[in-house]
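A.B. asks: Taken in order, these protein sequences are the chains called A and B.
Residue numbering for the first sequence follows the UniProt record's numbering, beginning at 1 and increasing consecutively.
Residue numbering for the second sequence follows the UniProt record's numbering, beginning at 1 and increasing consecutively.
Bear in mind the hints are in silico, worked out from the structure with no lab data behind them.
Treat each hint with caution, since some may be false.
[Claimed, not checked] Here are some of the chain A residues that sit facing chain B, going by a computed Cβ distance under 7 Å:
hint : residue
1    : Pro6
2    : Ala7
3    : Arg24
4    : Phe81
5    : Phe85
[What the hints assert, rightly or not] Ranges of calculated distance between the beta carbons of each label pair, as one might list FRET restraints:
hint : chain 1 : residue 1 : chain 2 : residue 2 : range
6    : A       : Arg31     : B       : Asn142    : 17 to 27 Å
7    : A       : Gly35     : B       : Asn110    : 16 to 26 Å
8    : B       : Gly112    : A       : Gly34     : 19 to 29 Å
9    : A       : Ser84     : B       : Ala107    : 20 to 30 Å
Every residue gets a Cβ at the ideal spot worked out from N, C-alpha and C, and that includes glycine.
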Amino acid sequence: METSSPAAFVNAEILTMFVGRRVRTVVQVQRNEGGMVVGQSPDGHPLTIKSAMDIPVSHFMEVYGIAENNQTIRAEVCTDFGPSFGEI
Amino acid sequence: MYGGGGHYDGGDGAANANSLFGGGGFVPSQSTAAPESSGGGSGFSKASDDKSNFAINGVEVSTVRLVGRMLGKVERVTDVVFTLDDGTGKIDVNRWQNESSDSKEMADVNDGNYVIVNGGLKGLQGKRHVIAYSVRRVTNFNEITHHFLHCIQVHLDLTRPKPCLPSQINASTPTPGHANQAWPPNNQATTFSASGNTAGNDVSSLVMSVFHDPAIIEREDGITVPYIMDRLKLPEHVIKDVIKKQEDEGNIYNTIDDFHYRSAMNG
Numbered sequence: 001m002e003t004s005s006p007a008a009f010v011n012a013e014i015l016t017m018f019v020g021r022r023v024r025t026v027v028q029v030q031r032n033e034g035g036m037v038v039g040q041s042p043d044g045h046p047l048t049i050k051s052a053m054d055i056p057v058s059h060f061m062e063v064y065g066i067a068e069n070n071q072t073i074r075a076e077v078c079t080d081f082g083p084s085f086g087e088i
Numbered sequence: 001m002y003g004g005g006g007h008y009d010g011g012d013g014a015a016n017a018n019s020l021f022g023g024g025g026f027v028p029s030q031s032t033a034a035p036e037s038s039g040g041g042s043g044f045s046k047a048s049d050d051k052s053n054f055a056i057n058g059v060e061v062s063t064v065r066l067v068g069r070m071l072g073k074v075e076r077v078t079d080v081v082f083t084l085d086d087g088t089g090k091i092d093v094n095r096w097q098n099e100s101s102d103s104k105e106m107a108d109v110n111d112g113n114y115v116i117v118n119g120g121l122k123g124l125q126g127k128r129h130v131i132a133y134s135v136r137r138v139t140n141f142n143e144i145t146h147h148f149l150h151c152i153q154v155h156l157d158l159t160r161p162k163p164c165l166p167s168q169i170n171a172s173t174p175t176p177g178h179a180n181q182a183w184p185p186n187n188q189a190t191t192f193s194a195s196g197n198t199a200g201n202d203v204s205s206l207v208m209s210v211f212h213d214p215a216i217i218e219r220e221d222g223i224t225v226p227y228i229m230d231r232l233k234l235p236e237h238v239i240k241d242v243i244k245k246q247e248d249e250g251n252i253y254n255t256i257d258d259f260h261y262r263s264a265m266n267g
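If we strip away everything but chain A, and leave its shape as in the complex, we get (with noise of 0.2 Å):
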């Protein structure tokens, strides 16, 4: 079992504790930019995650990667988690 490589939750506020850090979140895709996708943190601020893949605008995506400042994180994994997640 290795645990060399654990990735916080964060959210907009958190994540500028965790800069340069492994961290996962999950944002709502807002617009698309040729790679670089922007959404809305858990707590309503816009985060810019590079290296994402093409996911459409309105779906929640998971994002795990490094926290290169207070507002982007740079993409090694993302998964499409669809346009309902959360909801009661």
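Since chain A is already given, all that's left is putting chain B on it; use the hints.
C.D. replies: Coordinates of chain B only, in the frame set by chain A:
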């Protein structure tokens, strides 16, 4: 139901982070699968000299449930092996294929898919792995969130101290010295009915103490209002008022139907 889940591997990762998330928890009952996260390694310990059993937070664990991404799937003649990465760590998983249904189940999952793994936690030469009896693909991604919340809840339930029993109930019995000691049933009922003085907080404490009785905590179906009435010898409307208040506050919840309740402090 969502049927997507495509994923994409980006560029190489940067330097590894320090251990940031050491979650992990499990229900004490061996009859249910304990929710686990791969990174719960800090809480693992050998339960005994038996190499196949582990203890987490002091409770022996055999069956676990993990949710994560499948990586490195290798199909062999008699089994399928892969690594499960749930974001807190990675663990090797082995799924034996004895019947065609097993093969069909594994054919439905591929590298990169989020999967739910149920199986036994095993150790061999110091390395932990899972012998899975069920591997299914996640289709509703809320299951990922629910799983982690369940891990956290069970972990907290096992690591935080249990609530103290109300002192006024023990007036007719020797006062227990330890907060976790269960009081004998029915004694407090006699005391309670004799006094006839039922302040709201006393009644609420009485009812919740029934829920927190160690013999009751193990019941997955929970208990009913008639059961509490029989234990405490209190009127139905009094108990129902307490039940409703505790349910509104989130301290108890329904289980198998609207008449069975269980404390939220259980796993």
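A.B. asks: State for each hint whether it applies.
C.D. replies: Cross-check of the supplied hints:
1. Pro6: 5 Å, holds
2. Ala7: 5 Å, holds
3. Arg24: 5 Å, holds
4. Phe81: 4 Å, holds
5. Phe85: Nearest chain B Cβ about 5 Å off; hint holds.
6. A:Arg31 to B:Asn142: 17 to 27 Å: 25 Å, holds
7. A:Gly35 to B:Asn110: 16 to 26 Å: 24 Å, holds
8. B:Gly112 to A:Gly34: 19 to 29 Å: At roughly 23 Å between Cβ atoms, Gly34 of chain A and Gly112 of chain B fall inside 19 to 29 Å, so the hint holds.
9. A:Ser84 to B:Ala107: 20 to 30 Å: Since Ser84 of chain A and Ala107 of chain B have Cβ atoms about 27 Å apart, the given range 20 to 30 Å holds.
Of the numbered hints listed earlier, not one is contradicted by the structure.
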